[in-house]
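There are 2 protein chains.
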Amino acid sequence: MSTKPTIAVVGGTGALGTGLALRWALAGHPVIVGSRTLENAQKSCEAILAKLRQKTQSPLDLKPMVNDQAAKAADIVAVTVPFAQQAELLRSIQSHVIGKILIDTTVPLMLPKVGTVQLPPEGSAAQIAREVLGESVRVVSAFHNVAADSLASLDDMDCDVLVFSDDKQARDEVVGLVEVMGARGFAGGGLSNSAAAEALTSVLITVNRQYKCHAGIRLTGIGD
Amino acid sequence: MSTKPTIAVVGGTGALGTGLALRWALAGHPVIVGSRTLENAQKSCEAILAKLRQKTQSPLDLKPMVNDQAAKAADIVAVTVPFAQQAELLRSIQSHVIGKILIDTTVPLMLPKVGTVQLPPEGSAAQIAREVLGESVRVVSAFHNVAADSLASLDDMDCDVLVFSDDKQARDEVVGLVEVMGARGFAGGGLSNSAAAEALTSVLITVNRQYKCHAGIRLTGIGD
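Going line by line, the protein sequences match chains A and B.
If you read the first sequence in the working numbering, its first letter stands for residue 1, the second for the next number, and so on.
If you read the second sequence in the working numbering, its first letter stands for residue 1, the second for the next number, and so on.
Any given hint could be a false lead.
Claimed, not checked - To give an idea of the interface, some chain B residues facing chain A are shown, with a C-beta separation under 7 Å as derived from the structure:
| # | residue |
| --- | --- |
| 1 | F83 |
| 2 | G134 |
| 3 | A196 |
| 4 | V203 |
| 5 | A215 |
| 6 | T220 |
Calculated from the structure, these hints are not laboratory results.
Note that the structure is predicted; figures quoted are calculated from it, not measured.
Cβ atoms here follow ideal geometry from the backbone N, Cα and C, with glycine treated the same way.
Please model the complete structure; the sequences and the hints are all you need to start from.
Rendered as structure tokens:
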């Protein structure tokens with residue numbers, strides 16, 4: 001029995017969602033992988049468990065659900081869906097996340113030019129999440145610049161995570177959820193500042209194309 | 001006699017301009033420090049030379065001029081003025097920079113909330129520069145996330161520099177002008193991508209306030 005909060009990763013079968021579920025399960029959190037179908041969620045859980053068994057024999061608490069049930073059953077909900085699905089997905093789980101921390105990871109990439117910064121009129125995907133969900137949900141924005149492949153591996157994470165929220169306590173809690181992965185999290189200001197991290201993802205995609213790499217960022221000059 | 005291009009730093013008496021002038025002069029470029037008055041430019045040159053003499057006895061080519069004369073006399077022009085002065089300054093030197101590389105370093109910080117991302121309606125300060133200067137100037141945007149104090153010191157630079165331009169050849173030249181400072185420069189895409197680096201400055205200001213530091217960024221995962 002864990003006393004750690006249960007985290008649902010909604011839309012959790014993609015690369016980023018899989019990586020988050022894996023890292024939080026490894027850190028001892030009960031994790032729910034949400035998907036549109038239970039079958040897909042189940043497959044994703046099995047793949048994550050198989051990978052985690054290479055690393056640990058400790059008990060792991062990882063279960064599949066459909067997205068809205070996942071959101072309902074969890075204490076904290078992370079959303080990892082493409083930008084085009086963000087608003088609809090958030091509306092579909094809104095009633096299940098009142099009073100909860102919702103971690104939005106959406107980057108407003110618009111096909112075909114995903115290497116070009118194209119911020120939405122609202123300013124950022126984080127501000128769209130706030131508009132859709134309203135004041136009663138504790139929206140936090142994070143994980144925009146994490147190379148999903150690196151997150152989904154069992155290697156050390158060679159990047160920092162910028163965390164944004166208008167709710168300072170929620171922001172600090174999510175910084176803690178970054179640290180349990182073995183990475184550094186930094187509170188970067190309110191949700192409007194999320195525009196910086198979201199835009200940076202297109203820059204990193206541009207760099208990745210040139211250098212054939214999976215670039216991330218680290219802050220320097222912090223004193224360690 | 002240097003065969004390296006002459007660089008003017010227009011508005012070059014602030015912390016960022018001073019740092020750029022110092023680093024390029026140390027790398028052997030003829031450097032012109034521009035200011036609104038010759039007296040201020042002269043004072044800035046003297047301060048930079050005094051600092052550089054702690055490091056090197058090599059010949060240094062650093063001279064003061066008023067801004068428009070500096071822009072006229074140089075091969076490459078870097079502009080380091082506050083956002084509120086950017087458009088006016090660029091208009092005042094436009095006729096002197098036709099066909100030249102113009103490095104715009106402007107960050108759209110708006111008082112009093114400099115720690116809050118407030119991108120302009122044009123998308124970025126870089127896009128404002130392009131609109132003001134027109135197609136005949138080779139606009140490159142860079143140096144947004146460099147801690148000016150670190151740049152103006154004689155210590156190694158613990159940060160990377162993102163470089164944006166719609167002119168790939170100009171972008172590569174400016175990446176070279178970053179490398180002569182001993183830092184890494186990365187081509188981050190077109191001028192519209194400058195929004196990411198400009199917005200990130202407000203995030204770094206927010207981090208600096210919390211950690212009492214001068215934060216910068218480094219890219220990770222590039223393979224070195």
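How the hints compare with the structure:
1. F83: violated, 16 Å
2. G134: violated, 22 Å
3. A196: holds, 4 Å
4. V203: With Cβ-Cβ at 4 Å, under 7 Å, it holds.
5. A215: holds, 5 Å
6. T220: The hint holds - T220(B) has a Cβ within 7 Å of chain A, the shortest such distance being about 5 Å.
Checked against the numbered hints given earlier, the structure breaks hints 1 and 2 and satisfies all the rest.
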